[in-house]
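**Student:** Listed below, chain by chain, are the residues.
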Amino acid sequence: MSSNSKSSLQIENVVKKFDVGEQGIWERLRREKRRHIRAVDDVTLEVAKGETLVVLGESGCGKTTLGRLIVGLEKLDGGRISYEGSEVKYVRDRGAVRGRLQMVFQDPSSSLNPYLSVSTCVAEPISKMGLRKQEVAAKVSDALKLVGMEFLFMARRTSDLSGGQKQRAAIARALISDPSVIVLDEPTSSIDVSIQAQILNLLVELQSLRDLTYVLITHDPNVAKFMADKIAVMYLGKIVEYGLPGDVLKNPKHPYTQALLASAPKLDGSSPEAIGGEPPSLINLPKGCRFEPRCPHAMPKCREREPSLLSRDNELVACYLYEEN
Amino acid sequence: MAGILDVENLSVDYATPSSVVHALRNVSLTVNEGEVLSLVGESGSGKSTFALAVSRLLPPNATLLKGGRVLFRGEDLMRLKKPQIRQVRGTGIFMIFQNVFLSLNPLMKIKRQVTEAINVRSKRAAEKLDKRGEESEVASILKSVRIGDAEDVMERYPHQLSGGQNQRIMLAMALAEKPSLLIADEPTTALDVTTQAQVLLLLKEIREKSKMSIIYVTHDLAVAASISDRIAVLYGGMVQEVGPARQILSDPKHPYTIGLIKSIPSKAKNEGPLEAIKGAFSWDDVGEVCAFAPRCPLARDACSKGIPALNQLDKTQIRCINYGERYEQ
Chain A
7 MSSNSKSSLQ IENVVKKFDV GEQGIWERLR REKRRHIRAV DDVTLEVAKG
57 ETLVVLGESG CGKTTLGRLI VGLEKLDGGR ISYEGSEVKY VRDRGAVRGR
107 LQMVFQDPSS SLNPYLSVST CVAEPISKMG LRKQEVAAKV SDALKLVGME
157 FLFMARRTSD LSGGQKQRAA IARALISDPS VIVLDEPTSS IDVSIQAQIL
207 NLLVELQSLR DLTYVLITHD PNVAKFMADK IAVMYLGKIV EYGLPGDVLK
257 NPKHPYTQAL LASAPKLDGS SPEAIGGEPP SLINLPKGCR FEPRCPHAMP
307 KCREREPSLL SRDNELVACY LYEEN
Chain B
2 MAGILDVENL SVDYATPSSV VHALRNVSLT VNEGEVLSLV GESGSGKSTF
52 ALAVSRLLPP NATLLKGGRV LFRGEDLMRL KKPQIRQVRG TGIFMIFQNV
102 FLSLNPLMKI KRQVTEAINV RSKRAAEKLD KRGEESEVAS ILKSVRIGDA
152 EDVMERYPHQ LSGGQNQRIM LAMALAEKPS LLIADEPTTA LDVTTQAQVL
202 LLLKEIREKS KMSIIYVTHD LAVAASISDR IAVLYGGMVQ EVGPARQILS
252 DPKHPYTIGL IKSIPSKAKN EGPLEAIKGA FSWDDVGEVC AFAPRCPLAR
302 DACSKGIPAL NQLDKTQIRC INYGERYEQ
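These protein sequences, in sequence, are chains A and B.
FYI, in the numbering used here the residues of the first sequence are 7 to 331.
FYI, in the numbering used here the residues of the second sequence are 2 to 330.
Rather than coming from a laboratory, the hints here were simulated on the basis of the structure.
A portion of the hints provided could be inaccurate.
[What the hints assert, rightly or not] Straight-line C-alpha distance at most 30 Å; calculated BS3-like pairs for lysine-lysine:
1) B:Lys205 x A:Lys272
2) B:Lys129 x B:Lys210
3) B:Lys268 x A:Lys151
4) B:Lys124 x B:Lys205
5) B:Lys268 x A:Lys236
6) A:Lys151 x B:Lys279
7) B:Lys210 x B:Lys179
8) B:Lys124 x A:Lys272
9) A:Lys39 x A:Lys81
Throw the hints in and build the complete structure from the sequences for me.
**Tutor:** Written out as structure tokens, the structure reads:
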């Protein structure tokens, strides 16, 4: 992922740790070290302006944490995230860039306050900018128009909206501060199938209209295929494969990507293929490759040392199968 | 054709503070011996209500309308009293839900919960089982749902296991009771894709081995495709299309089914927008008309003349006037 002039978002060696377990007075007196997990472990990625990077993975792989780090909702424990050259800081720190980076969350029913009207919710990101009432109202109606909601909705409470309308309102809220990067965390997974396509079409339309850069977090290979310019596959905090959707989805290299795609049920009625086991806990990670306990191609080497992300035919893959000797 | 389950004209209303919602309207479906029938639909389609009604687990604000019958092996479940229903549950009809953490007792070790299920069966079948026999059966059942270290898992509580493992424990309990009908309400929706594939394969295997009939409730057509013999597509509390799975997936007839299949992303964004179904489901559209008409690309005036009747076309039934302009009485 060499630096290029068009790049909008740069994620370099990013690490996020979370403390686990309890630390009572006894542990403190004995000065026991806190145990922690690395939810995001040394992730380096780059997204070009106006493009969509899809982060594909299962629950617990750290994809949501990565999304929250990008918009500054979590504090970094290592590495650097920069957007158009300037560093992204934790939201509570001084001098944090606000508004240019926005996030749309998975479940709009819990990300929108049910007691507020649609217009109050949508106006939230610009409410502290010292704008006059009419200016705010104009911006709200523009944002709602962009997502295909009539102004009739403005006065309604968000709890009265349907799932699809709520997600539209959430997208409008993300758009109102005129951001250039939007992190979309599973934007359609809590919405009915018949509405999903509408929302995906809307996101693509908005992207070309506003030259938006997206980081889309999903577990669904179909959504990934439609939205992605680049795909990063994540497993237990690490990127295991990165490349163009045509390569990663059609011709997956990493055994985990292969397993993930083979597990997805298909409309032709063919039986999904299952790999054994479940992801190991982040607390007791295997010493070598994280996928080794479930991998059908595991070699003795995989148990000893973690493979690093190496370039291979237009892609980056972290697997010894593709290491040149 | 009498199946293991024959549902005739099942209608359910929910009373809400402001109005009455017609959650199910005259649903008639048959499940044959050893068959997997999937109910596919979005929220509000009535798919879960159907599953709950068949197992007589509807919430208190629901009313079953007169005229509906649910014949399980020829016996009308709607007429049974509570103690008799309990005799059917478990060994007759077994139900698993989306949220396994709510179905398993958090204060009981896995061993005791599975043993309970075994006991129910052995009591009803008048088998004699001693303590040791029970324990070895728990272990062998857990192994048959691919729980590797069964002896270890037996001694644990549900919260110490993952969602996928817990869902497999539920399946193990189903296996222990040997029901003739398993109703699974979105059992893999909360699971990861790789775990979902494991559970789906397991269900297929169970069904082949034990000839259990399964009603599989899901919102995901692709999941239904991978497991079912027949598919019923529900919308607005009514069956819109029902028939052999292969036929419905490869040659859907109802505009809603066609729309659902088309809206699953299968291309990249630079190849043009997805063919989405317009609008959204609303209870206001459900009445004496076609509930899908407001969103239908083929809608015309005749769609609001009444509720379209089911038209038989080959082995499929379609509730759409484009296949015969007939209406429900």
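**Student:** Does Lys272 (chain A) lie within 30 Å of Lys205 (chain B) when you go C-alpha to C-alpha?
**Tutor:** holds, 15 Å
**Student:** Does the alpha-carbon distance linking Lys151 (chain A) and Lys279 (chain B) stay inside the 30 Å limit?
**Tutor:** holds, 17 Å
**Student:** Please work out if Lys124 (chain B) and Lys272 (chain A) have their alpha carbons no farther apart than 30 Å.
**Tutor:** Status violated; Cα separation ~42 Å.
**Student:** Does Lys205 (chain B) lie within 30 Å of Lys124 (chain B) when you go C-alpha to C-alpha?
**Tutor:** holds, 28 Å
**Student:** Given the hinted pair Lys268 (chain B) and Lys236 (chain A), is their alpha-carbon gap at most 30 Å?
**Tutor:** Roughly 15 Å between the alpha carbons, so the hint for Lys268 (chain B) and Lys236 (chain A) holds.
**Student:** Holds or violated: Lys129 (chain B) with Lys210 (chain B), Cα cutoff 30 Å?
**Tutor:** holds, 24 Å
**Student:** Holds or violated: Lys39 (chain A) with Lys81 (chain A), Cα cutoff 30 Å?
**Tutor:** Distance ~20 Å between Lys39 (chain A) and Lys81 (chain A) Cα, so the pair holds.
**Student:** Given the hint that Lys210 (chain B) pairs with Lys179 (chain B), test it: the Cα-Cα distance must not exceed 30 Å.
**Tutor:** holds, 11 Å
**Student:** Take a quick look at whether Lys268 (chain B) and Lys151 (chain A) sit within 30 Å of each other, Cα to Cα.
**Tutor:** With a Cα-Cα distance of about 27 Å, the restraint between Lys268 (chain B) and Lys151 (chain A) holds, given a limit of 30 Å.
The structure is inconsistent with hint 8 alone, although it conforms to all the rest.
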